[in-house]
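Undergrad: Sequence:
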Amino acid sequence: MLITSGSGSSLCLNSAELYDPTTGTWMVIGNMSYSRELHTTSILTNGKFLVSGGLGSQGNSAELYDPSTGAWIVTGSMNSERSEHTASLLTNGKVLVTGGSNGSFVLSSTELYDPSTELWTVANNMNSGRYQHVASVLTNGQVLATSGGYNISLNSTELYDPSTGTSTMISNMNHARYRHTGSVLASGQLGVSNGCISNIGKKDKLKLPFENRPGQGRKKLATFKEDRYLLNLMKKDRRKSSRQLASEWNSSHGKSISARMVRRRLFNAGYKSYTTKRKPYRKPSHCSARLKFTKQCSNWNFSDWKTVIFSDESHFEVFNRKKKSFVRHLPSKSDKSFNFQPLVQGDGRSIGVWGIMTGKGVSPLVFYDGRMNGQNYISVIEPVLLPFIEKNFDPDVTWYYVQDNAPCHKSAFSMKRFTKNKINLLDWPAVSPEFNVIENLWDMGYNRQ
Numbered sequence: 001m002l003i004t005s006g007s008g009s010s011l012c013l014n015s016a017e018l019y020d021p022t023t024g025t026w027m028v029i030g031n032m033s034y035s036r037e038l039h040t041t042s043i044l045t046n047g048k049f050l051v052s053g054g055l056g057s058q059g060n061s062a063e064l065y066d067p068s069t070g071a072w073i074v075t076g077s078m079n080s081e082r083s084e085h086t087a088s089l090l091t092n093g094k095v096l097v098t099g100g101s102n103g104s105f106v107l108s109s110t111e112l113y114d115p116s117t118e119l120w121t122v123a124n125n126m127n128s129g130r131y132q133h134v135a136s137v138l139t140n141g142q143v144l145a146t147s148g149g150y151n152i153s154l155n156s157t158e159l160y161d162p163s164t165g166t167s168t169m170i171s172n173m174n175h176a177r178y179r180h181t182g183s184v185l186a187s188g189q190l191g192v193s194n195g196c197i198s199n200i201g202k203k204d205k206l207k208l209p210f211e212n213r214p215g216q217g218r219k220k221l222a223t224f225k226e227d228r229y230l231l232n233l234m235k236k237d238r239r240k241s242s243r244q245l246a247s248e249w250n251s252s253h254g255k256s257i258s259a260r261m262v263r264r265r266l267f268n269a270g271y272k273s274y275t276t277k278r279k280p281y282r283k284p285s286h287c288s289a290r291l292k293f294t295k296q297c298s299n300w301n302f303s304d305w306k307t308v309i310f311s312d313e314s315h316f317e318v319f320n321r322k323k324k325s326f327v328r329h330l331p332s333k334s335d336k337s338f339n340f341q342p343l344v345q346g347d348g349r350s351i352g353v354w355g356i357m358t359g360k361g362v363s364p365l366v367f368y369d370g371r372m373n374g375q376n377y378i379s380v381i382e383p384v385l386l387p388f389i390e391k392n393f394d395p396d397v398t399w400y401y402v403q404d405n406a407p408c409h410k411s412a413f414s415m416k417r418f419t420k421n422k423i424n425l426l427d428w429p430a431v432s433p434e435f436n437v438i439e440n441l442w443d444m445g446y447n448r449q
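According to the working numbering, the stretch in the sequence shown is residues 1 to 449, in order.
Since the hints were made in silico from the structure, they are not lab data.
Ideal Cβ placement from N, Cα and C applies to all residues, glycine included.
Mixed in with the good hints, there may be bad ones.
[Said to hold, decoys possible] Ranges of calculated distance between the beta carbons of each label pair, as one might list FRET restraints:
#1 G361 x N125: 26 to 36 Å
#2 L2 x W300: 49 to 59 Å
#3 M169 x G70: 40 to 50 Å
#4 T294 x V362: 16 to 26 Å
All chains, please: the whole structure from these sequences, using the hints.
TA: Structure, rendered in structure tokens:
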């Protein structure tokens, strides 16, 4: 038996455990790639486990667990973010995902996962948006989606036919419901849980209406005004955990709400937890220099940029000590300052590389150890840069060499060598790595670590 992630005391988990019935013990296995809750897990025909969607993850992410290797592997992402959806293994080996919520709306969309290609394709929509519903694979291979809802529960049902890829509305259930269960009987019929049937029977004997009377049921623990207070509390420090927010809310209201309830209230208000983006810190002088540079080069065409030699060094960490953090915001507020985390150079063991990139191609990578000073920098670049220029640029072509403003680049020794070798330097604004196209190559390297 495989248990995947879920909600802990204060945060979504990324841990997983296996239960061995022969020994009656639990064993912790490797962590999943993403923390998540309210997701789905499907056992594929090849024996692997497919985990998709949920809160706390990227929303549309999916990953595979291979019992033969004990490893988690990120697979293709869904086309839509969703949680509290359903995932059904079809007779053709594909997985059908239906409905759920994207944090703002209840979804009617569906998509199919193909284990052979590890890709998701958008399928035809259901006739109704469904959330906290049940989807059951019947003995004839069709999928029956029943009820669902959130503030308003449904009694509608529909059948998905894999042979046509369409859903058809069928007869309604007798009672609207959500967060229910559904089981396919040996006869091929679909039944709801015994608890539902028992409660209906009791009401029938007492001649009571089946609908809940007004004012019945569990009351909301917090009022609308108190929910607004929770939102304001979160906006004061968007990096606070749900456990911290719950503690502050409880101390000011004399009530007790859980961290899980905080996450639900924020999610229902449209606030999801995202990984903070990293952005270099810039002073006003840096911003002015960037504006001046963009105006200077605004009329350059593709041919002009082909004469620019982009260079850079990068370090690839042997021990990756990067730590994720999360921030809550509305989907439309992804560019606000509170989403960014300052990027600071680490001091872990790393491998240094230098290279250049132009419209005519790239140079070989040069590897180096230790810290870089002016003399080391020149000894690294000269054996590669000068032959590259001679090979790719005609003598009558004016080209420019781009480097950032690192001390080793601007040292007296480096500038003297540039003058001697007639290296044309392009004045480059400080703290502007995204202007240098070679950064895209480094990103590809980081993502493959």
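Undergrad: The structure should be examined with respect to each hint, and the outcome stated for every one.
TA: Status of each hint after checking the structure:
| no. | hint | result |
| --- | --- | --- |
| 1 | G361 x N125: 26 to 36 Å | violated (47 Å) |
| 2 | L2 x W300: 49 to 59 Å | holds (56 Å) |
| 3 | M169 x G70: 40 to 50 Å | holds (44 Å) |
| 4 | T294 x V362: 16 to 26 Å | holds (25 Å) |
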